[in-house]
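Visitor: The primary structure of each chain is shown beneath.
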Amino acid sequence: ETGVTQSPTHLIKTRGQQVTLRCSSQSGHNTVSWYQQALGQGPQFIFQYYREEENGRGNFPPRFSGLQFPNYSSELNVNALELDDSALYLCASSRPSGNTEAFFGQGTRLTVV
Amino acid sequence: QQQVKQSPQSLIVQKGGISIINCAYENTAFDYFPWYQQFPGKGPALLIAIRPDVSEKKEGRFTISFNKSAKQFSLHIMDSQPGDSATYFCAASRDSGNTGKLIFGQGTTLQVKP
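Protein sequence lines correspond, in order, to chains F and R. Per our numbering, the very first residue in the first sequence carries number 1; after that it's consecutive. Per our numbering, the very first residue in the second sequence carries number 1; after that it's consecutive.
The reader is advised that the hints may include incorrect statements.
[Said to hold, decoys possible] Some chain F residues well away from chain R (every beta-carbon gap over 12 Å; in silico): (1) L11; (2) Q48; (3) F64; (4) F69; (5) P70; (6) D84; (7) R95; (8) T111.
[Stated by the list, open to error] Pulled a few chain R residues facing chain F out of the computed Cβ check, cut under 8 Å: (9) P40; (10) K42; (11) L46; (12) A70; (13) F89; (14) K101; (15) L102; (16) I103; (17) G105; (18) Q106; (19) G107.
[Claimed, not checked] Over 12 Å on every C-beta distance to chain F, these chain R residues come out as not near it, computed from the model: (20) K15; (21) E26; (22) Q38; (23) G60; (24) R61; (25) H76.
Just so you know, the hints here were simulated from the structure itself, not pulled from any lab data. Beta carbons: idealized from backbone N, C-alpha and C, even for Gly.
Take these sequences, add in the hints, and give me the full structure.
Guide: Here is the structure:
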């Protein structure tokens with residue numbers, strides 16, 4: 001088990017709604033990265049937060065946004081949910097340098113109906 | 001555009017056998033190559049990782065072989081066990097030292113038969 005925790009574990013939302021997912025990073029890690037994993041696929045990088053600023057973004061629309069707090073925990077917000085947003089959302093904590101490895105949480109399973 | 005291509009998609013191996021999963025990448029700027037193991041309903045767990053200054057890295061039953069000129073790397077699982085049955089992902093990063101920005105392969109589902 002890693003020290004990365006995500007909440008909630010499961011969530012069902014209706015198309016058009018908004019959702020907030022949360023992640024607490026492992027002790028000593030100040031960087032949080034978010035990934036979307038569709039069923040049967042590899043995780044896809046959404047964005048990374050470091051020092052409360054976005055530090056790189058994948059190919060995701062602006063309705064995917066995030067925050068990082070002074071204690072390094074992070075939120076992923078998705079507006080105007082679409083059916084294709086149904087996926088496992090993963091966060092990973094790491095440090096941006098020093099060759100430390102990234103550790104993933106157990107994920108939040110989001111279902112959009 | 002798939003920057004990291006993984007094969008095979010699925011693999012069945014007898015207990016005690018060797019499981020081999022291959023990945024190929026396109027971007028020569030990649031400088032960190034981890035392998036993750038994922039069980040159903042769980043997040044990926046780091047197994048082993050390599051940087052391009054070495055051609056092989058071994059940790060227990062798991063070995064990464066890295067061929068920089070061919071832009072390929074592979075995971076070998078020796079003495080495969082039923083408990084190794086899981087989905088395996090290779091990944092790559094081009095942000096030196098920042099191991100949180102990863103591009104993943106499509107995954108390989110491994111089944112180890114008793």
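Visitor: Does F:P70 sit more than 12 Å from chain R, CB to CB?
Guide: F:P70 clear of chain R: closest Cβ-Cβ about 19 Å, beyond 12 Å.
Visitor: Hint validation: R:A70 versus chain F, beta carbon distance must be below 8 Å. Holds or violated?
Guide: Violated, because the Cβ-Cβ distance from R:A70 to chain F comes to roughly 21 Å (cut-off 8 Å).
Visitor: Does R:E26 really sit off the interface, with its C-beta more than 12 Å from all C-beta atoms of chain F?
Guide: Correct as stated: the minimum Cβ-Cβ distance to chain F is 15 Å, above 12 Å.
Visitor: Under the criterion of a CB-CB separation shorter than 8 Å, is R:K42 in contact with chain F as hinted?
Guide: holds (6 Å)
Visitor: For F:F64, which was marked as not at the interface, is the minimum beta-carbon distance to chain R over 12 Å?
Guide: Nearest chain R Cβ is 16 Å from F:F64, so the label holds.
Visitor: Report holds if the minimum CB distance from F:L11 to chain R is greater than 12 Å, and violated otherwise.
Guide: holds (15 Å)
Visitor: Does F:R95 clear chain R by more than 12 Å, comparing its Cβ with all Cβ atoms of that chain?
Guide: F:R95 is in fact no farther than 12 Å from some Cβ atom of chain R, at 8 Å.
Visitor: Grab the minimum beta-carbon distance between R:K15 and chain F and tell me whether it stays above 12 Å.
Guide: Holds: least Cβ distance 26 Å, greater than 12 Å.
Visitor: For the hint on R:Q106, does the least C-beta distance to chain F fall short of 8 Å?
Guide: Status holds, d = 5 Å.
Visitor: Is the interface hint for R:L102 satisfied, with its Cβ closer than 8 Å to some Cβ of chain F?
Guide: holds (6 Å)
Visitor: Was the hint right that R:G105 lines chain F, CB cutoff 8 Å?
Guide: For R:G105, the interface hint holds, since the closest Cβ of chain F sits about 6 Å away, which is under 8 Å.
Visitor: Find the nearest Cβ of chain R to the Cβ of F:F69 and say whether that gap is larger than 12 Å.
Guide: Label holds. Min Cβ-Cβ 17 Å, cutoff 12 Å.
Checked against the numbered hints above, the structure breaks hints 2, 7, 9, 12 and 22 and satisfies the rest.
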